[in-house]
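K.L.:
In case you want the letters, here they are:
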Amino acid sequence: MKRIGIILSVFIFMFCISGVSCYADSDISVNTKIGFDGKCKLGGINPIKVTIESKNTEYSGRLNVNVGDRVYTHKVDLEKNTKKSFEFAIPIFNENDIEVDVGNDDVIDATDVSPEIYSQDTIFVGILSDKYEDYYYMNDINILDKDNVQVVKLDNTLNYTTAEIYNIDFIVLDNFSTKDLTEKGENTLKNYIKRGNIVLVGNGKYAYKNLTGVFKNLDNKTNIGDGRVLPVDLENKNIVNGTLQKNITPALMTKINNTSNFESRINQIKKLYNSCDNILKPKYSSLYFLIAILVIYIFLLTLSIFIKKYHKYSFLSVVVGFCVVFYGLALWGGFESTKGALASIKVYKDGLYTYNLANIYPYKKDGIDITTFNSEFLDAVDSEKYEVDLIDKKIEYTDKENYHIYSHGFKDIQSEDITISLSKDDILNGDIKNTLSNKMINSFLIVGDTVINIGDIDGKEVVNINYKIDHNLRNTGDYNYIEKICKDAELNNYQRDMLEYYFYNINDFDNVKLIGFSSENNKLKIDEKDQKIKESSMNVFDVKLKSNNYAPCETIKPVVYYGQNKEKVNEKREYILQNNSITLYYKIPDNLKAYNIDIFTKADTDDLYLEYFNQVTNSWEALNDLNLKEEQIYEGTSKGPLTLRLTGSGRVILPQISVNGLD
Amino acid sequence: MDLFDISKKNKINIIAYLIILSITSISYYLMVSLRVDGYNPSLYKYGYIYFNGFSMVLFTLIMLFWDVNYTNVNIYFKIIIESLISSLSAIPLILIIFMLGQLNKVNIFVPLIIQSFWGVVILTIKNISNKYKNKNFFIGMFIFITIILSSVYLFFYTNYANLVLTTIYDKDIPLVFFLNPLINIVGISYSQMIDNQMGYYPVICYLVFWGMVVLILNILYLKLNKVYPIIDSSKEGGQNL
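Quick note, the sequences are listed as chains A and B, same order.
When we follow my numbering, the leftmost residue of the first sequence carries the number 1, and every step to the right adds one.
When we follow my numbering, the leftmost residue of the second sequence carries the number 1, and every step to the right adds one.
Note that these hints are calculated values from the structure, not bench results.
Hints should not be assumed to be uniformly reliable.
[Said to hold, decoys possible] Here are some, though not all, of the chain B residues that point toward chain A, as calculated from beta-carbon distances under 8 Å:
1) K8
2) K11
3) I15
4) G38
5) P92
6) K105
7) V106
8) N107
9) N225
[To be verified] With a straight-line Cα cutoff of 25 Å, these simulated BS3-like cross-link-like pairs (lysine-lysine) come out:
10) B:K11 / A:K309
11) A:K281 / B:K45
12) A:K424 / A:K629
13) B:K11 / A:K312
14) B:K45 / A:K400
15) A:K513 / A:K572
16) B:K9 / A:K525
17) A:K312 / B:K9
18) A:K281 / A:K270
This one's a predicted model, so the numbers in the text were calculated from it and none came from an experiment.
Every residue, glycine too, gets a C-beta built ideally from N, C-alpha and C.
Chain B extracted, bound-state conformation (with noise of 0.2 Å):
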């Protein structure tokens, strides 16, 4: 089926995810970690969360160039699949941290699986406002509302109730800062190779949340305009009666 077909301009988007990804953590062995006398394998846990966390800056910029031209196929279960196939394609370099660092088995899909839904979230919207004018502005803000500035407003909080945070899942913290992928991410990490409070019940929320956000969007999208999806978006108006 051409449901997992992925076009040329997608692929190298991939490739150069890979690429980048690859020789920043080949950078950080050569010059960090292996330089260090001694087993440390401290180095390579906080490795781990640290490649979670860029892995996710750089996939959400991957994703604001992809492209999501479809034709004949069924849209959302090509999002994704390629938001999934996208994520998914940086397990051997996750494999490698722990190779290396002889760190015990943890289940590396639950970060990924939240980086692939923030993915389906950002391709839906570049897919809905694809017709619309000052599309790129409104993406950009959109990205940078809910992982930078809300990463600003937990620092600002953290400060204003006085918190005293012990790890990244505290109890302490608002869900709705959870909703934030990068927070999540590296809390995820983190409670995978450190310490754990509040077990997956953060990524739980995280899904529920993005998830029913999707399906609202579609829901309005399709409401909104009135038209079949499987069509080619580009054409103006309905079904030729």
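With the rest of the complex left out, here is chain A (with noise of 0.2 Å):
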């Protein structure tokens, strides 16, 4: 009996200080979620939510969420008995442990997290289903011969922003009630699919319930903007496979092949820097604008000296006023107060995307907080001493420097459609609207493989277009390409900074846009206050083509896997072999019956070799001429994305196609 007292409470005491740490008296306690149901992925933006109770006592302090050596902080007040939830993002990197604790100089409660942190080309499947267990088989699938799959368990409310559900590469929804899902939800679900993305639909044993709300009478394939919903048997996983497989979107490809570049968006966007000082530059409007009046107080001071007899003090009061006046122009002009000017490129496809940098020059000497507006995200650039509040959307700088804010944002607003047809001779027709309420200068249209320089449009002006496309950007490099494009646009140095970050950063999966930049006013709020700053943008539209069976050359991008090497690959358009070889996708779409497909490319040496798969023998092809006929497309195209694969060493120009349909 005494052994059994003595074994007993052993356990009883090792239990105790085993697990989790706990603080003596901690009326205030912090529970966290991390994830997908606990599971990341590296490089991306995870959902976090933490909920704080407090017991009998009241609490005003702050939140800390320590992500390796970044610090996210949020201030915290709480009633006696009271339970508050925060729902946020935050962006993991590396692999570190997560600490979440509450205090404010010293630490009252804090928890570890450990989420099961997954490297960046694990594909994220996410289900959206009362049971989630039933579908742990789906780790099994393989896509493109990637078979990197993790299932994840979305939350029913689908309570995510862009950035958090990017980092699912497809979703599956089965046993769930659609109908169930709030506004918000939908529209979360609704923008997904937009962007490129797939969702699976079971259309089995719980069709009756999967197949209401948002997806009711849902009984084939639909495309909804980019993406598509696919009802399927989601018993038989080859059939899920196949389904897939043959229904994939350029969005989900790029997903697949490419490693998130999220951490370098962040950084390159120092490539603004200067594009959103010019906003500050002095004009030549305000310098003749101030010479103007001084030339009046002079004017006004000599005549001061003839008119003496008439009032005694005429000369200094003109002195006087005139000091007066100018103080008052120079408090107008910003004189006591911060400046900031904001850089930004928008992306107007079924809704807004906008990429931020804010420069702002401060004026007091301590520190100030900086609030953005419309953003998700944001993060300190180039700076050391601050806090970054990602509840608030804020940014807390503790010393007097210069500071470099990015931000991102998506804004659900329907901007009107912009059409142009271009007929099988390569004559592109159509009218290209502005519509924005501001001017845009040096604006320009890109259709595949063509630049074509359209000039200044006004707010809401028209401009009809009528132009035999040349083909100009055909087959060049990353560097041509963007000189090609800023010198028949004639941009300037700040313009062809956008242009190239948004290049190199911004990934975009069709090829047809209109181009454009203009300057309005925006604000921010700095130290609570809001203040009007001026912004500078890039406007990505858009631009919908209609052509009669006819996919000109690019506007079909090929989705690159560049193989297990480890190391980025910098170049969109190119790339260097070194006796290895590359593998690229082509989605045709559907409604294209091709019959004859052209494939364009340049490279430096002979020792290339360009093979194409064909899915009904599963094997691989040579291509010997640059041209792909019905019965290899047919072969080509049977079960999935156009593959081809490229062999060799040199640099070359990674091949582009263009694809005859028949009417």
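Assembling the complex is the task here: the two chains are given apart, and the hints tell you how they should meet.
P.N.:
What follows is the structure, given as structure tokens:
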């Protein structure tokens, strides 16, 4: 009996000292849920939910989330016996431990959160279901020969921002009551699909539940924006594999094959420093205005010599008066306030995606806080002493220096569609409308491999174009591509910087767009006061190309898989092969019944070898002339995207295709 | 009161001062600072420093031609007020630099006070030496020694003592050199815009020193001539008894 008692007490003692670290007398407790049910993707923005509960005491302090050596903080005010939860998202760039604690200078309660961090090339399959365990078998599917799949559970309310849900490669919806989604959840799902993603909806035994709400009356695959909803029998793994492969979208192919560039997107925003600062450059018009007032000043002074007999103090009063006038002008121009400027890339495609850099030049010696409007995420670049609050979208700087802030955001607004039509003999015809209310300068149109200079378009103005496309960007590498566009559109250095940032850091899957530059007013909250700042932006509009069964060169862009090498490839249009091979995937739209595909490429050496994958015989076949005829097209695209393989050594411009289809 | 009434000749002096300053600063903007690509606030910071130095030199020249024949007023207050008004009339030009360069606010009055103090000194000397011949020689030499010679000696001294100067208000420079108004004004502008090692200490020394000089000169003048200062100084001798 005594022995049992000793053993029992030892067990209880060991149980107490193992596991969770506890803080004595903690009336505040903090509870954290991170990732998609604990699973996070490296290099992405992952959701986190922190719940703080206070018993019997009020609490006023800070919540800190420590990710490696980055700290994200937020002010917390709790009454007695209340529970507050905060939902936000944090970037995870390294595999380090995450600690969430509550306290001011001394920690009151803390939890060590160890999420399961998966590598960047893991394919996350999001499951929306009432019974998540039934879908573990999805771990075994493979897409485009990648089998690094991980099944994650999605929150039933789908309360995720665009960057968070970007981590999910595709969604499977089964045994889920779609009509129970809130309006916000429905919008998240619809925007997710519009961006080119895929949702598989089970049409087996749970069809009665799945096909309600947004997916009511869904009987076969539907395209929404760039993505698709596929009703599929989820019981059969091979059917799921086959359906996914056949209906894959360029967006999904890009996510699977390329690693996320989120961290470099934040760092590369430094390229926009000069464009941002250029807003603060003094203009000739302001100089002339000030010269005019100065001339009036001196003129009135000379006049006051002659009217002395009417007013004895005219000279003095003119001096004092103009000092006051100039001081007033200086105050109006921002003499005593913090100066800021904003440079942004705005992509209008089923909503407005903005990527911004804010440059702030402070006025006071001690730190300031800066809150951005309409942003989903922000981070400080090139600074040392600051604290980021990801819940209020605020950065507190504790030291006087010049501040640079990266932020990105999404606004669910619908802009007018721009449509142009292309005939078979390459004549482009249509109306280009500037849907903004500001003037757009130096605008140009990119149609596949052609750049067309349009020039300045006033707000809401319509320009008619009738142009024979001349493929002037064909077979150009990265540098020449940008150089040709800048020359044709007459871009200055700052516009070129923005174009380069967009080209290298922001993925887009279609290549028909209207780009123009504009400047407008925006605002920031500096020290809790709204302040207007000027914004210089590059606007990218999606243009719908109507062409009779003809996809001109470069409107279908390849998605490249560079192999297992861990070095990041920076070039987008060219590659230097070193006795290895790369795989290229081209998704040909279903409604284009292709009978002829032409391939365009340029290589520095002859040591290159191009083949295509025959999906009927499951083997690689050589491509001797840069052309695919009807039978080869059928073999190459019957079960999935057209797959080409390039082997050899030397510098090569990535092959681009143009497709002719049957009428 | 007639205290604030500036004579016509002096008004023309002020207007000439302002016109030359305006033309120079506008040429600087048009030919130098607006031609530079991009945002360059340091151009405007240096513009402010050069402006203050240049206006100091020009101001000295104007003060040389100032008309100190005052009637029916208290000469001391009159000198102070005229000097102040002529310095402060350049405020709009200084504010233009701030507006174009989007610079942060500094206390623009400090260099102007230094400048007007210097103006008081010159005007006092002019007033005292009004009846002596060769007065222009002495005033000219005085100005030359204070401004130019002491700058040259500063240059000699930095080489002699192997000084490494990081800023103009540097701790290694002996305080006597800061009595030179040109060095002081350029130094305070530089410390406002860029870097500051000594705070306002040289300014205070300067003000105290020249204040005492003015005071002593005036007392000596009174004692030597036993003349009550308000009477027109063109008359010889004392009161009519």
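K.L.:
When you check the alpha-carbon spacing of K45 of chain B and K400 of chain A, does it fall within 25 Å?
P.N.:
18 Å, holds
K.L.:
With a cut-off of 8 Å on the beta carbons, see whether N225 of chain B makes it to chain A.
P.N.:
32 Å, violated
K.L.:
Are the Cα positions of K281 of chain A and K45 of chain B separated by 25 Å at most?
P.N.:
Given that 25 Å is the threshold and the Cα spacing comes to 14 Å, the pair holds.
K.L.:
Need the status of pair K281 of chain A, K270 of chain A: alpha-carbon distance at most 25 Å?
P.N.:
It holds: about 18 Å lies between the C-alpha atoms, which stays within 25 Å.
K.L.:
Is K424 of chain A within 25 Å of K629 of chain A, Cα to Cα?
P.N.:
At roughly 18 Å apart (the allowed maximum being 25 Å), K629 of chain A and K424 of chain A satisfy the hint.
K.L.:
Tell me if N107 of chain B is really an interface residue toward chain A, meaning its C-beta lies closer than 8 Å to one of theirs.
P.N.:
Violated, about 12 Å.
K.L.:
Does G38 of chain B pass the interface hint, meaning its C-beta sits closer than 8 Å to a C-beta of chain A?
P.N.:
This hint holds: G38 of chain B lies near chain A, its Cβ roughly 6 Å from the closest one there, short of 8 Å.
K.L.:
Is the straight-line distance between the alpha-carbon of K312 of chain A and that of K9 of chain B 25 Å or less?
P.N.:
15 Å, holds
K.L.:
Next pair to validate is K513 of chain A with K572 of chain A; report whether the Cα-Cα distance is within 25 Å.
P.N.:
Within the cut-off at roughly 18 Å; holds.
K.L.:
Starting from K9 of chain B, check that the Cα of K525 of chain A is at most 25 Å away, please.
P.N.:
53 Å, violated
K.L.:
Does I15 of chain B pass the interface hint, meaning its C-beta sits closer than 8 Å to a C-beta of chain A?
P.N.:
5 Å, holds
K.L.:
Hint validation: K8 of chain B versus chain A, beta carbon distance must be below 8 Å. Holds or violated?
P.N.:
Check passed: Cβ of K8 of chain B comes within 6 Å of chain A, closer than 8 Å.
Checked against the numbered hints listed earlier, the structure breaks hints 7, 8, 9 and 16; every other hint is satisfied.
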